[in-house]
Structure formats: structure tokens, C-alpha cells
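A.B. asks: Residue numbers (the working numbering), protein chains in the order written: chain Z, 1 to 410; chain E, 1 to 410.
Incorrect hints may have been included.
Calculated Cβ distances over 10 Å to all of chain Z for the following chain E residues [as the list claims (entries may be wrong)]:
id : residue
1  : Ile-21
2  : His-23
3  : Ala-30
4  : Leu-49
5  : Ile-56
6  : Asp-83
7  : Lys-106
8  : Glu-124
9  : Arg-135
10 : Ser-176
11 : Glu-221
12 : Arg-260
13 : Asp-285
14 : Asp-312
15 : Ser-361
16 : Lys-394
Straight line, CA to CA, 25 Å or less: simulated DMTMM-like cross-link-like pairs of lysine to aspartate or glutamate [what the hints assert, rightly or not]:
id : chain 1 : residue 1 : chain 2 : residue 2
17 : Z       : Lys-299   : E       : Glu-116
18 : E       : Lys-211   : Z       : Glu-33
19 : E       : Lys-29    : Z       : Asp-329
20 : Z       : Lys-249   : E       : Asp-25
21 : Z       : Lys-29    : E       : Asp-327
22 : Z       : Lys-315   : E       : Glu-116
Quick caveat, the hints were computed from the structure, so don't treat them as lab data.
Here a beta-carbon is modelled for each residue, glycine too, at the ideal position from N, C-alpha and C.
Protein chains: 2
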Amino acid sequence: MINVAIMGHGVVGSGVAEILIDHADRIEKAVREKVNVKYILDLRDFEGLSYSDKFIKDFEVILNDDDIKVVAEVMGGINPAYDFVKRCLLRGKSVATSNKELVAAKGAELIKIAQENNVNFLFEASVGGGIPILRPMAQCLCANEITQISGILNGTTNYILNKMIVDNMDFSTALSLAQKKGYAEKDPTADIEGHDACRKICILAAMAFGKHVYPEWVYTEGITDITLDDAEYADNFGYVIKLIGHTEKLENGKITASVRPTLVGRNCLLSGVDGVFNAVMVTGDQTGDVIFYGKGAGKKATASAVAADMVDCIKHLNSRKYLFWEDGDELFIEKNYDKSGRFYVCIKSDDYDSLLEQYKSVFSSQKTDCIKNEYRREIAFITDCDRESSIRKKLSGLRNCEYKLLHTML
Amino acid sequence: MINVAIMGHGVVGSGVAEILIDHADRIEKAVREKVNVKYILDLRDFEGLSYSDKFIKDFEVILNDDDIKVVAEVMGGINPAYDFVKRCLLRGKSVATSNKELVAAKGAELIKIAQENNVNFLFEASVGGGIPILRPMAQCLCANEITQISGILNGTTNYILNKMIVDNMDFSTALSLAQKKGYAEKDPTADIEGHDACRKICILAAMAFGKHVYPEWVYTEGITDITLDDAEYADNFGYVIKLIGHTEKLENGKITASVRPTLVGRNCLLSGVDGVFNAVMVTGDQTGDVIFYGKGAGKKATASAVAADMVDCIKHLNSRKYLFWEDGDELFIEKNYDKSGRFYVCIKSDDYDSLLEQYKSVFSSQKTDCIKNEYRREIAFITDCDRESSIRKKLSGLRNCEYKLLHTML
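The whole structure should be built from the sequences, with the hints applied where relevant.
C.D. replies: Structure (C-alpha cells):
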């Protein structure tokens with residue numbers, strides 16, 4: 001029998017407890033040994049549960065119990081999770097976590113500590129909830145050089161954009177609905193401003209390219225500026241607006257990583273990912289594009305990924321899963337990435353006639369049509385293939401105009 | 001340094017050789033040791049390659065060389081692959097294969113031999129080419145009970161159906177084009193009659209439900225009877241016709257497995273899987289639907305999956321990956337599975353007036369409209385929710401009519 005502990009009994013933590021206890025048979029089958037939840041750490045009281053006797057409030061109990069070889073950290077946030085995880089690893093306990101904030105901020109350090117102490121630190125659930133992504137990347141795609149990753153990494157924003165596009169709902173109405181349905185938190189900042197997706201693209205980039213990428217190095221733009229009109233124009237041009245986390249290895253050996261609202265072509269499967277679902281497209285030099293799709297959040301899905309990581313930790317108690325990246329340095333990141341491609345542009349001006357005239361002269365060579373919206377005094381179009389810098393230069397030369405520029409992907 | 005051998009130097013075999021030799025650095029990084037291809041077994045001569053010195057024609061050389069711990073079997077077919085793989089496993093060599101025919105026919109036996117000899121028998125490449133499916137199912141989804149799997153498992157038929165639907169090409173023209181492009185073989189039987197997809201759903205069913213499912217137990221229907229009109233009617237009803245491999249655990253504990261042309265609702269991501277791509281949707285009781293998508297065939301993609309399995313074999317030289325299923329018995333399969341749902345029906349009769357009249361009286365309660373095609377003397381419709389047996393009973397009572405019935409899925 002193997003004893004384990006769960007730190008945190010929130011949404012995911014209670015899910016982990018339920019899987020390990022209610023589905024003990026399938027866990028035993030996977031591990032080929034009984035797995036016993038000895039402690040659940042939470043400062044709150046949980047009475048009336050079949051496992052209420054397992055709750056403790058003092059982390060030191062877990063730390064000092066040498067019977068505990070594997071710990072799930074499902075508290076979320078950096079403090080005190082970071083301190084607890086670090087001390088567990090230093091004491092020779094493997095840790096499975098769903099905590100993307102922790103992994104994005106401290107991954108390289110914690111992986112190194114795990115390595116030095118011959119234990120495992122696994123975090124499949126931190127990206128894409130219940131969707132298998134990190135393990136398949138590390139194992140099944142190991143004969144590939146991964147060249148880029150693009151993903152819909154946040155279910156909340158995908159739900160909101162979807163409601164805007166399909167139900168013609170404006171941003172704030174869609175956000176309220178998401179909150180009502182429990183898809184968005186009371187304070188939705190981390191989701192709608194792209195911070196949550198940013199943490200996930202950091203983890204994916206580190207997995208793919210071998211060096212830690214810190215969130216503060218990643219260009220992050222949320223969806224708060226996306227209007228119903230943008231969604232409609234995009235639709236007219238054959239695109240769907242999605243919040244895309246993207247990372248790519250450039251020719252100079254550096255990488256670029258970003259989170260931004262992006263126009264995804266209808267031919268790309270990512271454009272069909274609706275509601276709270278997530279999808280990650282990984283491009284390998286041998287496999288081409290591979291997509292992983294499923295529920296990116298939710299109690300059961302995320303908990304099942306944490307439980308699977310715990311199973312893996314137990315099966316590798318005396319060996320290390322090879323999952324490693326170095327600490328990163330900012331030089332690894334291309335700060336002045338000047339993307340080449342087609343861009344969505346929407347220009348607005350109170351002086352609509354002047355706008356039309358300026359558009360005509362500045363974008364005279366433009367091969368595709370623009371949408372003219374006299375009522376909103378704006379023009380929207382997809383640019384011809386060009387460098388972003390060159391388009392921005394043209395745009396910033398326009399008089400009395402505001403503009404919005406979004407990336408596109410096929 | 002680890003020595004390995006490759007048996008077969010066809011499309012996939014040459015791809016494996018190229019990855020292991022040309023990309024030796026990334027394989028070494030994954031294994032943390034140099035991997036040397038010592039032998040390549042093929043009866044043909046291959047001169048002028050950088051690795052022409054590695055070719056041998058005698059299997060016994062590999063078998064009797066105790067330096068060889070890991071072997072890739074990429075010959076295809078059952079004989080002599082079965083004999084070679086079995087003898088390798090018995091001699092304590094791990095085997096990685098892309099050979100779906102072998103795994104579908106002999107998987108349970110070979111897995112058992114591998115287990116008894118404390119070696120590994122891995123076959124990620126046998127389903128979905130370069131798409132990670134089997135390993136994520138076994139590992140990441142291990143806390144789930146898998147309830148069903150539906151997949152587009154054959155790129156050739158998906159390409160043909162796609163050409164019919166999108167380019168209005170009839171079946172035989174689309175098949176010729178697929179052959180011209182190298183997507184279909186000269187003798188396309190295994191693809192278009194569904195045998196290839198059948199082998200893959202057998203492997204997926206065995207992985208998911210723990211018992212071998214032999215191809216001869218699986219209801220298998222190809223795409224040769226699908227007409228351009230079917231594709232058009234389906235489109236009108238909001239569906240896309242795909243060749244779907246399906247397996248599901250029923251309430252009586254038995255499983256059903258089938259390969260058949262199926263109408264997939266446009267809301268389902270599988271409907272958007274075009275060209276030679278594959279996608280597998282796995283439903284777990286915790287994760288819900290998870291989809292794996294990518295290139296289901298092709299030299300590089302498939303070879304990279306074989307190479308990744310070889311890496312895994314090397315990393316687990318003295319331990320077993322837990323991948324196991326028992327031998328199957330026919331009692332495990334529900335032979336009289338009577339699906340409940342909506343079905344696509346197309347009825348044809350030389351006596352069109354009588355057809356209309358009979359339809360009106362037999363399907364009087366039908367809630368949705370039918371498509372009447374006087375020119376082709378047929379009627380097509382999506383049935384209301386009902387048991388397949390009950391609909392077939394109604395249909396077989398029609399006088400002077402032929403009918404076609406296809407399953408649907410959302």
C-alpha cells in the first residue's frame with residue numbers, strides 16, 4: 001500500500017480526493033498496488049464527507065511523515081504552494097500539481113530540485129486540464145523537433161468570444177453570462193486579460209524549447225478590446241476570432257511567445273473549438289501538425305489528470321521521468337519579433353471621408369476588399385502579406401485615426 | 001551506447017533509419033545515451049545510402065546478437081513479422097512496431113510473451129501514425145473509465161469522401177486521384193472496404209477495454225456504396241459522411257465495435273477533419289471527450305512514432321511499461337447490438353409514386369422533412385430517434401424498394 005497526501009480541497013482537490021477514494025479500484029489497477037489518501041491539507045473544515053477524518057491543517061504533518069511518498073498540490077497560487085512543494089521535493093516526495101501559476105513562475109527551479117532529489121515533479125493538469133498534452137509532447141513526439149505551438153488555452157475567453165460570434169452578444173453581456181454559469185470568476189482579470197493563457201504558453205514553450213519562459217517576457221493581450229463588429233468583420237473575411245497562445249522557434253534560434261486575440265481561418269480545426277473547450281496544436285518537423293482537444297478546465301477533468309500524474313509518480317518512485325528544462329534567460333526571447341503575414345486591421349476616424357481617402361492612398365496596392373462601415377466610421381480589412389512593422393508604420397502615419405491590428409493564422 | 005536493429009526498409013523503415021541516423025542528436029538527448037543502428041534487415045539491396053553497410057538479409061543475425069536490445073519491426077503484414085517479433089521478444093529484445101495488422105491479429109499473445117520475458121512490445125505507430133494516442137490513453141487517462149471511442153482512422157477513405165463532398169467528385173474518380181497522389185495503393189481493398197480502419201479500432205478497443213478484439217468479430221462496412229447523392233443529402237441535413245471506427249462499452253458489460261460510413265454532425269469537430277488526416281475521439285467518464293488529431297500515415301510521421309517507442313523501450317530496458325490486455329473471447333462482443341438514435345435512410349424504387357405513398361404511410365409520424373429526388377427515384381431522410389431494428393423492420397416491409405441505412409453521430 002502506498003500513502004499519498006492531497007494539499008488543498010477546493011474544486012480540483014476535492015475531485016482528486018473523489019477519484020482516489022471513490023475509484024480506488026482503477027487507481028489500484030493502474031499502479032498495481034493500493035493507494036491510500038492519508039492526509040488532506042486544508043485550513044477549512046469539511047464535515048460530513050466519507051473521508052472527513054483525513055483532514056489536517058498543519059503542512060508539517062505531511063512533510064515529516066516518511067510514509068508519504070507522493071503529494072498532490074492543488075491549492076493554486078504561488079504562496080504557500082511554492083514553499084510547500086519545494087520542501088516536499090527536498091524531503092524526497094514526488095509532487096503532482098495542477099497549479100499553472102506555480103509552474104510558470106517556478107518550474108525550472110522545482111524541476112531542478114526534483115532532479116537533485118531523485119523524485120518527480122509532474123504537472124500535466126497545469127495545461128489543458130484533462131487533455132493529455134505535456135506527456136505526449138515529451139514522450140511520443142521526442143523524435144521530433146517542435147517548431148511551433150498554437151493553442152486555445154483558456155476556456156473562459158473562448159466561451160465569451162463564442163457567445164459574441166454565435167449569439168451576437170456583446171463582450172460584457174457574454175462575460176456576465178460566463179460568470180453566471182461558473183465559467184468565469186468574480187474577478188475575471190486573469191482570464192480576460194490573457195494572464196491565464198500566458199502561464200500555459202510559458203509552460204508549453206519551456207517543454208518544447210528546453211528553457212524556462214517567464215510570463216513577464218511574453219507579450220500578452222486579452223480580449224477586452226474585441227468588439228462585436230470585429231467578430232462580424234472577421235466572419236466576413238472567413239475567420240473566427242480566438243484568444244491564441246503562440247510560441248515559435250525563429251530562424252535566429254530565439255523564440256517568440258505571445259497571447260493575443262487572433263483571427264483563425266475557418267479551414268483550421270482550431271476555429272471550430274467552441275465553448276469552454278481548449279485545443280493545442282503542436283507542430284513537429286516529422287509529424288506536422290498534431291492537435292490535442294478537450295475540456296481545458298473543470299473539476300473532474302483536471303482532477304483526473306492530477307490523479308494520473310500521481311499514478312506515474314508512484315510507478316516511478318525510484319526513477320525519474322525525463323522531463324526537464326533549464327532556467328531561462330531573456331536573451332532566449334526575441335523581443336522585436338516582426339511577424340510576416342496577413343493582418344486584420346480596423347481603422348476608425350471621426351472624419352470618415354478623410355479616412356476613406358487616406359485608406360485609398362496609403363493602401364492603394366491592397367489586393368483584397370475592405371469592409372466600409374459608415375455608421376461606425378470605420379474600415380476593416382485583411383492586409384496583403386507584409387511585415388507587421390511595415391503595416392504599423394503605414395497605420396501610424398494616418399491622420400486623426402485610431403487603429404486596431406490583429407494577427408491571423410490559417 | 002545502445003545497439004538497435006530495424007527490420008524492414010520500406011516507407012516507414014527508411015524513415016526510422018533516417019530519424020535514428022540523421023537525427024541521432026535528438027534521440028541521444030531523449031535517451032541520454034548514443035543509439036546506434038547496427039543492422040537493417042531487408043531482402044532487397046540498397047546501395048548508395050550513407051548507411052548501406054548496415055543491411056543484412058538474415059534475421060538470425062539480429063536474433064543471435066545479444067548486443068541488440070531493441071528492434072523496430074516495420075515490415076508490415078503478418079508473415080514473417082509475427083515469427084520474427086515473437087522470437088525477438090522470447091530472446092529478451094524489446095520490439096517497437098507500426099504493424100497494425102500484426103497487433104490486431106496477435107497483440108494479446110505478443111504482449112503476454114513480452115511480459116513473461118520482461119521486455120516491452122510497443123506499437124504507438126499502429127494507430128494514427130504520428131498522432132500520440134495509445135500512450136496518452138494508457139497513461140494520462142488512467143484515472144478514467146473509457147466509455148467509447150470514435151475515430152477517423154483511415155486517411156485514404158477520408159481523402160476520397162472529402163473529394164466527393166467538397167469537389168463533387170464521384171467515388172471512382174476520387175479513388176483514382178488518391179492513387180495518383182500516392183494516398184491509395186494499387187489494390188485499395190484494405191482501405192476502401194474498411195479493413196485497415198477495422199484493425200485500428202480493434203487495437204483501440206483492446207487498449208480501452210482490456211481484452212483483445214479480433215478483426216473478424218467487428219462489423220466492417222467500407223465506403224464503396226456511398227454515392228455523391230448521399231453526400232449531398234447528408235450535407236442538406238447538416239452532416240458530413242465519414243468512415244468512422246467506433247467502439248463502446250454497453251450497459252450489459254459487453255462491447256460493440258464497428259467500422260461504417262457514418263453521418264457526423266457539423267457541430268462535432270470530427271466533421272472538420274479533412275484530407276488524409278486522422279482523428280480519434282476518446283470519451284472518459286472524468287475528462288469527457290478528448291480528441292487527438294494529426295497525420296495518420298506517411299513516412300516521417302509514422303517513423304517518428306516508431307522511433308519514440310524505441311526510445312521508450314531503451315529507457316525501460318529493465319522494466320516493463322504497463323500496457324496489457326488479455327486475450328479476448330467472442331462473448332465479450334455484443335453481436336446483436338441494436339443502436340438507438342437517429343439514422344440516415346435513403347429509399348429507392350423504380351415505382352416512385354408508390355415509394356412516396358409507402359413512405360407517407362410507414363413514416364407518417366416522422367417529425368423532420370425528407371428530401372424527394374424524383375430524378376433518381378429516391379427519398380432520403382434522417383429518422384426520428386428510434387431503435388435500428390425497429391427502423392429496419394419498417395424498411396424491409398416496403399414493396400419494390402431498396403434502402404440504405406447509415407448511422408449518425410453528433
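A.B. asks: If a hint holds in the structure, say so; if it doesn't, say that too.
C.D. replies: The hints, checked one at a time:
{"no.": "1", "hint": "Ile-21", "verdict": "holds (12 Å)"}
{"no.": "2", "hint": "His-23", "verdict": "violated (7 Å)"}
{"no.": "3", "hint": "Ala-30", "verdict": "violated (4 Å)"}
{"no.": "4", "hint": "Leu-49", "verdict": "holds (19 Å)"}
{"no.": "5", "hint": "Ile-56", "verdict": "holds (24 Å)"}
{"no.": "6", "hint": "Asp-83", "verdict": "holds (27 Å)"}
{"no.": "7", "hint": "Lys-106", "verdict": "holds (23 Å)"}
{"no.": "8", "hint": "Glu-124", "verdict": "violated (6 Å)"}
{"no.": "9", "hint": "Arg-135", "verdict": "violated (6 Å)"}
{"no.": "10", "hint": "Ser-176", "verdict": "holds (25 Å)"}
{"no.": "11", "hint": "Glu-221", "verdict": "holds (26 Å)"}
{"no.": "12", "hint": "Arg-260", "verdict": "holds (23 Å)"}
{"no.": "13", "hint": "Asp-285", "verdict": "violated (8 Å)"}
{"no.": "14", "hint": "Asp-312", "verdict": "violated (6 Å)"}
{"no.": "15", "hint": "Ser-361", "verdict": "holds (40 Å)"}
{"no.": "16", "hint": "Lys-394", "verdict": "holds (35 Å)"}
{"no.": "17", "hint": "Z/Lys-299 to E/Glu-116", "verdict": "violated (39 Å)"}
{"no.": "18", "hint": "E/Lys-211 to Z/Glu-33", "verdict": "holds (21 Å)"}
{"no.": "19", "hint": "E/Lys-29 to Z/Asp-329", "verdict": "holds (21 Å)"}
{"no.": "20", "hint": "Z/Lys-249 to E/Asp-25", "verdict": "holds (18 Å)"}
{"no.": "21", "hint": "Z/Lys-29 to E/Asp-327", "verdict": "holds (18 Å)"}
{"no.": "22", "hint": "Z/Lys-315 to E/Glu-116", "verdict": "holds (19 Å)"}
Against the hints set out earlier in the document, violations occur for numbers 2, 3, 8, 9, 13, 14, 17.
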